[in-house]
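Each protein sequence line maps, in turn, to chains Z, R, B, W and S.
Sequential numbering of the first sequence, starting at 1, is according to our numbering.
Sequential numbering of the second sequence, starting at 1, is according to our numbering.
Sequential numbering of the third sequence, starting at 1, is according to our numbering.
Sequential numbering of the fourth sequence, starting at 1, is according to our numbering.
Sequential numbering of the fifth sequence, starting at 1, is according to our numbering.
No lab work stands behind these hints: they were computed from the structure.
Please note that the accuracy of each hint is not assured.
Note that identical chains are pooled: a pair holds if it fits in a single copy or bridges any two copies.
SDA-like, lysine to any residue: derived pairs with alpha carbons at most 20 Å apart [said to hold, decoys possible]:
id : residue 1 : residue 2
1  : K304      : P292
2  : K58       : N79
3  : K151      : H70
4  : K85       : H245
5  : K58       : W332
6  : K210      : H245
7  : K335      : L323
8  : K85       : L207
9  : K151      : S194
10 : K190      : R105
11 : K335      : D277
12 : K335      : S194
13 : K85       : S214
14 : K280      : S194
Note that this is a predicted model, so its numbers are computed, not measured.
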Amino acid sequence: MTSEPNDGSGNRPHRSVINSAAYSNGVRVADIPIADLGDAWKHSDRFLWVGLHEPTEKVLLHIQQAFGLHDLAVEDAHNAHQRPKLEVYDDCVFVIIRTVKLSDRENQRIEFGETHVFLGPRYVVTVRHGSPHSHVGVRARCESTPNLLAKGEGFVLHAVMDFIVDQYFPVIDALEAELDELEVQIFSGKLMRSVTARIYHLRRDLLAIKQAISPLIEVSSRLARSNSQLISDDARPYFQDVHDHVVRIADLIDSLQQLSQTALESNLALISVGQNDDTKRLAAWAAMLAVPTMIAGLYGMNFKYMPETQWVWGYPVSLGIMLVSCLILYQWFRKLGWL
Amino acid sequence: MTSEPNDGSGNRPHRSVINSAAYSNGVRVADIPIADLGDAWKHSDRFLWVGLHEPTEKVLLHIQQAFGLHDLAVEDAHNAHQRPKLEVYDDCVFVIIRTVKLSDRENQRIEFGETHVFLGPRYVVTVRHGSPHSHVGVRARCESTPNLLAKGEGFVLHAVMDFIVDQYFPVIDALEAELDELEVQIFSGKLMRSVTARIYHLRRDLLAIKQAISPLIEVSSRLARSNSQLISDDARPYFQDVHDHVVRIADLIDSLQQLSQTALESNLALISVGQNDDTKRLAAWAAMLAVPTMIAGLYGMNFKYMPETQWVWGYPVSLGIMLVSCLILYQWFRKLGWL
Amino acid sequence: MTSEPNDGSGNRPHRSVINSAAYSNGVRVADIPIADLGDAWKHSDRFLWVGLHEPTEKVLLHIQQAFGLHDLAVEDAHNAHQRPKLEVYDDCVFVIIRTVKLSDRENQRIEFGETHVFLGPRYVVTVRHGSPHSHVGVRARCESTPNLLAKGEGFVLHAVMDFIVDQYFPVIDALEAELDELEVQIFSGKLMRSVTARIYHLRRDLLAIKQAISPLIEVSSRLARSNSQLISDDARPYFQDVHDHVVRIADLIDSLQQLSQTALESNLALISVGQNDDTKRLAAWAAMLAVPTMIAGLYGMNFKYMPETQWVWGYPVSLGIMLVSCLILYQWFRKLGWL
Amino acid sequence: MTSEPNDGSGNRPHRSVINSAAYSNGVRVADIPIADLGDAWKHSDRFLWVGLHEPTEKVLLHIQQAFGLHDLAVEDAHNAHQRPKLEVYDDCVFVIIRTVKLSDRENQRIEFGETHVFLGPRYVVTVRHGSPHSHVGVRARCESTPNLLAKGEGFVLHAVMDFIVDQYFPVIDALEAELDELEVQIFSGKLMRSVTARIYHLRRDLLAIKQAISPLIEVSSRLARSNSQLISDDARPYFQDVHDHVVRIADLIDSLQQLSQTALESNLALISVGQNDDTKRLAAWAAMLAVPTMIAGLYGMNFKYMPETQWVWGYPVSLGIMLVSCLILYQWFRKLGWL
Amino acid sequence: MTSEPNDGSGNRPHRSVINSAAYSNGVRVADIPIADLGDAWKHSDRFLWVGLHEPTEKVLLHIQQAFGLHDLAVEDAHNAHQRPKLEVYDDCVFVIIRTVKLSDRENQRIEFGETHVFLGPRYVVTVRHGSPHSHVGVRARCESTPNLLAKGEGFVLHAVMDFIVDQYFPVIDALEAELDELEVQIFSGKLMRSVTARIYHLRRDLLAIKQAISPLIEVSSRLARSNSQLISDDARPYFQDVHDHVVRIADLIDSLQQLSQTALESNLALISVGQNDDTKRLAAWAAMLAVPTMIAGLYGMNFKYMPETQWVWGYPVSLGIMLVSCLILYQWFRKLGWL
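Isolated chain Z (complex conformation) (with noise of 0.2 Å):
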């Protein structure tokens, strides 16, 4: 296993080259340094599979060199920011795919990554950006299970994009948790100023896996319907299976987009009846308030004549008349609910 010495840029060591080992009938038997994986992929029938992490432009260039893989290609796996894709050359294939993660981080629920796997006979590299989970777990299980490892790169292919695949999973339970909180909110009766935002982030977090996942129906497609020699007849149910999945998470995603929509505008529709009752409630509240004002104005008039004023029990007559009136009006407005 060959480290590569740190970019520099970080505080922590970076290790360019995760893995690199060569398997013989699904066993792993070595370790090949980078600078010797040409040698050994030309001079030996074993199969090399190297784990790269956002590799610096020297181990690329050792990888190129190696296997002869496409400049195209390799300028791709040093940029990350790529769109999901599926590039067959002649004897070679690159497949770029999105990682997702949910985030510890604050004000962020989702971490993008991106893997770009080239595969070609008797070797697979991966090429890991961003954060999200590693594939060593991928190894640890391959290498757990030596028989199907012994079929080939195919299967590598897929158990790097079924591990992937099945990270969107968790993301995707994640925001229907929050849809279904934000839904109990809206439905609430409660005016929340904090409700629009979240239904606006939560359909950003969407359109954003959206972009990852959609072009992945397409490559897992192919890959499934492949006619390439990399990928063996037997492999093609897997990556079927895949494709299954995606379309699935496609699904439950444009699920969740017009849910949330709908969710928007329901939001819209309750923020007016709220407006309405509170405007009710005000209104009843300030009828209360009126009508002793002006049965009070009444009797702040100066005519010579007001029998009423005159009374001895004219005054609380009168307290007692605005009490009476605002009750009844409490009672009524209780009734229209109102209050």
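With chain Z held as given, fit chains R, B, W and S onto it using these hints.
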């Protein structure tokens, strides 16, 4: 008939195997224990039909070994929550369909389930997940028409699909009835907070059904155009018939989705109209309080020379003026339609 | 002509068989009882045209046996509420078309019906469901042009389809007129509660028609490109003509759907504008009450030294000030367009 | 040149036949009466170009007999209000195009018309319906370039289509200008009732043009890829050019449709903002009336011991307090942006 | 290098011909005057690369005659405002691409231009319209890698397209930054009139870019799959790379369009919420004025027997009651979140 031991998680004993029988010329001739299915299939030309319900892994393993099913299909059959699909392997057709049922439960209109069907030469295995209707009725109906059943595996698949697809219609009828009821409420002139929530939940149900039914359009269409030996030529019009039903269901859902969207928007418009009506009503009553208040204010002024205040009839006349002006206002607002 | 006994459910005797006649060289030569259709078809080269209206099962059985129709098609023909479609069997074409008619009934603009057509060598059977127009006119028109009728079965199918499709135009004209009327109301400046409900019902009608007509696009297109011997080469331009009409109807509906959506949104905007106008008008009147109330309040203060209150003209002058300030406000609100 | 008698319905004599001429090597050699077209076409190799305007049935019959046109095409040519289309018969191409023109009339921005073209070996017949521009200019332009005209029928069709399609651009420019003007009004801060109606009518116009132009995309594309002998190989790039223009027009309309939708929604948002602004302004003025009213109310109380009421300066000081509190409120609302 | 005389319309002398050079083995060997291009092309095997900027008709005529270009393409090249397209003539490929640039001008974010490319055997002609970046950089970069330039015409076309497409990214970044800024404003809780206008203009810009980039998806895809001899096999992956970029740009725009739509709707919802908040705040203050006014009204009544009015402490106590009730209301509204 074999009865598998309960999985142990529930209280009620759970039967994995509902039915496992051999048919000859469309007539049930024997019940075959799960463990003997492989022999029964290989060493006789009788047709085998196995019905499972949320089977244990052990049962599925028996089935897989008996008929040599593909790993991936068996894995799918064990896990529910798959997308409806049709998978064609060399000598086996694997179909997943989602089933629906009107729910008795509070707060939930629709229950979803899944039925997976393995169809091969001289055998059909149906695996049911979730609570909706058992297929016992399908088997009974098939057994009552031996001549159809004698036509082979394809007809059993058709019978199961036809049965499941027909269960969508009452569900859609229920949603249509719900929308009709909502229409009445929306246009009744009363502002109901619950209407928005009900439209939202209607739309959520429609989305869920749409996701269950739309993949069936392609599944049924592929079965109707299939070249597989498992689907005989004279079975194809029957799958075309299923296809027509599926397309009609999809059409109905589409229509309900668009109508419910319009209902949501109409609701929003009518909430605004209702708000306006309330504002006007409030304003009318406010005016009828404000006018006497103003008149009372006039006669509350402390001018030395206010002839009216000295009149004996000043007070009752002023009260009369207030009353009359209120009545005039009332009539006027009435005419304007504000009250 | 055979008259089938009434089904018994209605008050009016119901005639299943409207017409059942044989044609030779485009000329009607005999009426054939339903029971004799099979013989008449097999043992002569005359062309048979049968017209049914909501036939009993017994009548359909006669027809099926006479021409050897497929079970599924006959089952469809017995049940209305099918989706328009074209089914091609070995030697028979089965077409379902939905018919429309402007309704006389209260609360319903459009009545839908269905016409099913069986077309085979030397026979056409039309089965009509629902109330819309009978096809008697079609038969009469066909019989008046024997040379066209002599061209064969395809031309009869065309005549029926052309007749049914042409019935869509007056319905769409009525919906267009409705939208024009709604436009006038929306932009008239008056706020009408009923407008929203009418747009909603217009959109519901449009959706229903769209569902009836859109499957016909493919049906008519397939007939125009058909290789079936039943549709002769020179009949194809005629089906292309039907296809053009269907596409035009679909276009018109599409356009009405989009316009009515815009109308719904414009309505919403104008409701808000109207609300604002009302608020301003109310505020203006409130101000004209509040100003005199405030002035009256001033002179209601009990200060010992308020010179105005001692003046002889104090009271009328204060009333004058109130009046003048109200007039000034009135003019001002007028200028602002609030009144 | 033949002049057909007027149909009699209008006041101005109506000329069905605008032009009917024979061309040899691209040069006009003779005017041919309608009645002689058949002979002229059969017995010479000259190219015939006939221009009709809302022809009578008699004229169309002459034309049909002369060139052996299909019944359905002639029927179409007699009735306007067809959908743009391209119909290919054995030896004749029939094209329908909708024409547009900016209208001079009040309350209508756009006038639509139709041009039908019959194109066969050595003849072109154009039939114009509705008022928009005559094709006299097209003929003049073609006659001025005999070498192009000599290339045959296809070039005449191209010239007509190019001319008609180019007429769409000024109409779209006018609609763009209308939207620009609406933008200014929407964002000007003034609330105008008319804006909503104008957006609605703009959208109606856009829909009408879209329906006129979109079928042309396929028509022009089919002409550019046509295998018909009537369209020579070197004419195809010219139809491709027409196709490019049509697609560009469709693009522009699409863009205007989306922008006008956004404008409608922005308008709605700004109506709400405007409403809020008005409410705040009203509230500010209401507060400035309510504060003095309350203070006046205080000093209207009849307590025996209210020292202020006994002061000589009590009254002016209270007025001063009212004035100052109003000024403070005014400044404060100013700062808040409510006034 | 030939310098054409200025067109005369501008103040600055305008150079139609930016560059006109011959290359041999990827190295610039000579500058060729426009008038000599035809000879240079026919009588040598050197590769010619001509760069024009808003060329005069005379210059274009020279070019057309030199390389035998099609009339229509030359006509297009003279007029800007074309839709991006790829036209394949017998021995020439004609490409139109729209260019974008962030604008320095006030009130305009983006400037559009057009680049037309003629590509034939051993020649490339680029015609630039509008202000955006010159291609001098492209030429310089190509000249610095003679080995790539030596590969032929296809690589020059790729270099130009790659350069133009890369210019879209900073523009989209700017629009993304604008949307991020708008998000902050929308959810800041402050109601800003300008936000709606800014979303509108953002959406207008997005539509304009979308119209510029979407036709490129097909153009670049066709170039990547092209069979033309002008595009060599090893050039295709490079066009596929351009295609990937174009699709990614289209994806980003799509995403921004959907997000900005959601932003518009969220803005609308928050305007309503804000309106409601303002209404509540107003109502709270109104209540705090109305309560003392009512109390003052009470003690303004002229009853003979009102014990409080006779008390020495009556006045200050009543003031205290008013103050306390206001404070209680203030606290209460505070708790309700209305203030």
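Evaluation of the provided hints:
| no. | hint | in the structure |
| --- | --- | --- |
| 1 | K304 / P292 | between (22 Å within a copy, 19 Å between copies) |
| 2 | K58 / N79 | within (14 Å within a copy, 46 Å between copies) |
| 3 | K151 / H70 | between (26 Å within a copy, 17 Å between copies) |
| 4 | K85 / H245 | both (17 Å within a copy, 11 Å between copies) |
| 5 | K58 / W332 | neither (83 Å within a copy, 66 Å between copies) |
| 6 | K210 / H245 | both (14 Å within a copy, 18 Å between copies) |
| 7 | K335 / L323 | within (18 Å within a copy, 26 Å between copies) |
| 8 | K85 / L207 | within (18 Å within a copy, 26 Å between copies) |
| 9 | K151 / S194 | neither (53 Å within a copy, 59 Å between copies) |
| 10 | K190 / R105 | neither (29 Å within a copy, 27 Å between copies) |
| 11 | K335 / D277 | both (14 Å within a copy, 18 Å between copies) |
| 12 | K335 / S194 | between (32 Å within a copy, 18 Å between copies) |
| 13 | K85 / S214 | both (10 Å within a copy, 19 Å between copies) |
| 14 | K280 / S194 | between (24 Å within a copy, 18 Å between copies) |
Hints 5, 9, 10 from the list above are not met by this structure, while the remaining hints are.
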